[in-house]
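Hey, can you work out the whole structure from these sequences and the hints?
Taken in sequence, the protein lines are chains U and Z. Numbered by our numbering, the letters in the first sequence go through residues 84 to 287 in order. Numbered by our numbering, the letters in the second sequence go through residues 231 to 491 in order.
Some, not all, of what chain U presents toward chain Z, calculated at C-beta under 8 Å:
#1 Asn-96
#2 Ser-99
#3 Gly-201
Counterexamples of contact, computed for chain Z against chain U with all Cβ distances above 10 Å:
#4 Trp-256
#5 Lys-392
#6 Leu-477
Calculated from the structure, these hints are not laboratory results. This one's a predicted model, so the numbers in the text were calculated from it and none came from an experiment. Even for Gly, the Cβ is constructed at its ideal location relative to N, Cα and C.
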Amino acid sequence: MRTIGIVDYGTGNLGSLAGVFESLRIYAEVVRESERIARPDVLVLPGVGAAGLAMQRLEGSGMAVALRERHAAGRPILGICLGAQLLCGFLREGDCAGFGWIEGHVEPLTEYPFYNNGWCRLEFGGLKSAGLARALSATSTFYFNHRYAMGRDEKMKCVEVEGRADLPAIYLDGVICAVQFHPEKSQREGRILLRNILEDHFGL
Amino acid sequence: MAYKRLVGVVAVKDGQVVKSYGYRFWRPAGGLRSALMNLDRWLVDEILILDISRRDRVDPGVVAEIRASRISTPLAYGGGIRSPEDVDCLLAAGCERFVLETMVFSFPERISELADKVGAQALIASMPLSAKAGGGWQVNVDSATRLGISDSEFDVGSFCRKCNDWPVAEVLAIDSANEGRAGGFSLVSFDGKHPFGELRKGIIWFGGIDFKQGARLLNQPASVAVGFGNLNFEKEIAMRSLRRFVLRNRAGATVRRTYGI
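Below you can see the structure in the form of structure tokens.
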């Protein structure tokens with residue numbers, strides 16, 4: 084049986100994620116110990132929380148070391164919202180280093196209203212070339228809720244927010260997929276995108 | 231950037247969904263789980279649960295119902311949040327945004343503590359307003375009086391300045407007296423003037439808003455969302471009708487098109 088592991092670092096929205104994986108008929112288990120990080124076929128770093136505290140907890144529990152080992156072994160990792168930002172090089176919120184698998188700093192949004200809360204479309208061409216567009220359309224919308232945004236990484240495939248070349252929504256390579264928004268809170272289209280990530284990108 | 235949002239507001243008292251009128255009168259309106267599941271099916275942009283029981287803690291029964299609903303619509307919660315532990319249990323149940331009311335008046339120092347834990351994007355300051363006798367508006371917080379804080383009248387301007395400084399993403403502006411009275415909303419005169427000129431945060435409007443007012447409010451530059459409460463228990467698939475109305479009449483493309491609309 085293929086399994087998903089959801090990392091519990093104290094502030095993630097575990098209930099929402101468990102619910103969406105259940106609706107996709109995928110077995111998901113919560114991971115709280117570093118020795119269980121390597122086991123699941125796909126490991127999810129969930130969103131909702133503050134970056135400094137999240138990194139502190141991952142480092143303090145030993146899970147950060149296990150995550151680095153998992154990445155080095157080429158085992159899939161899906162980061163969602165804050166979980167995606169933790170994969171970047173530097174986190175302005177908390178002034179600390181992230182895992183560094185995505186280049187660039189995570190910096191605060193500088194335009195009023197300084198938060199991106201609500202539903203946005205994605206650049207559909209980018210979604211198609213990333214291989215994630217199955218059963219989605221150019222009008223599909225996804226729920227964002229963030230104050231800090233990931234920086235640029237030219238080496239990775241990137242899907243941007245429609246009309247916002249400065250706002251990466253998804254970064255992906257063979258090992259990681261970093262999603263700035265909340266697919267688990269994006270209703271039907273979010274579930275479809277999660278399925279596409281797991282099946283089409285990670286081959287689950 | 232993001233589309234403006236149509237928010238389904240669910241008032242809860244003692245664990246039961248109620249139709250509320252000015253937060254002073256209410257009628258039972260069914261169970262929380264089914265209310266959440268219906269709004270989820272109707273593809274509202276966000277659901278806001280307001281527990282008006284005036285407890286000093288989050289109701290575990292409400293948390294259990296949220297957890298059991300397993301919805302995939304963004305979920306905000308307000309009522310009885312006093313500590314990071316309250317937020318922990320709501321987060322685990324499926325909420326990702328938190329409305330702070332008593333805390334912003336009584337324990338503002340705790341807002342930063344919460345923001346350090348869940349991030350400022352997850353926090354909303356509640357601003358219940360009532361008309362002043364001589365005209366204008368005042369921030370009106372029953373809970374402040376209940377907690378023994380003598381000055382329950384707050385100047386709107388100074389409250390807005392505080393909101394600008396607090397680590398909160400948005401402000402929930404509530405027309406307290408007209409809450410539940412469709413078409414009674416009166417905080418905005420629709421000539422572009424409202425009492426929150428100094429506010430530099432996005433505003434979620436709530437309290438007695440009807441379809442027409444909702445569409446016009448979404449056109450206000452400071453608006454990020456409009457909340458509808460009792461309407462959801464009076465009209466079948468009300469929020470889908472509302473979305474069609476907004477897209478057809480007033481706000482054009484400012485709200486998203488959902489599946490089937």
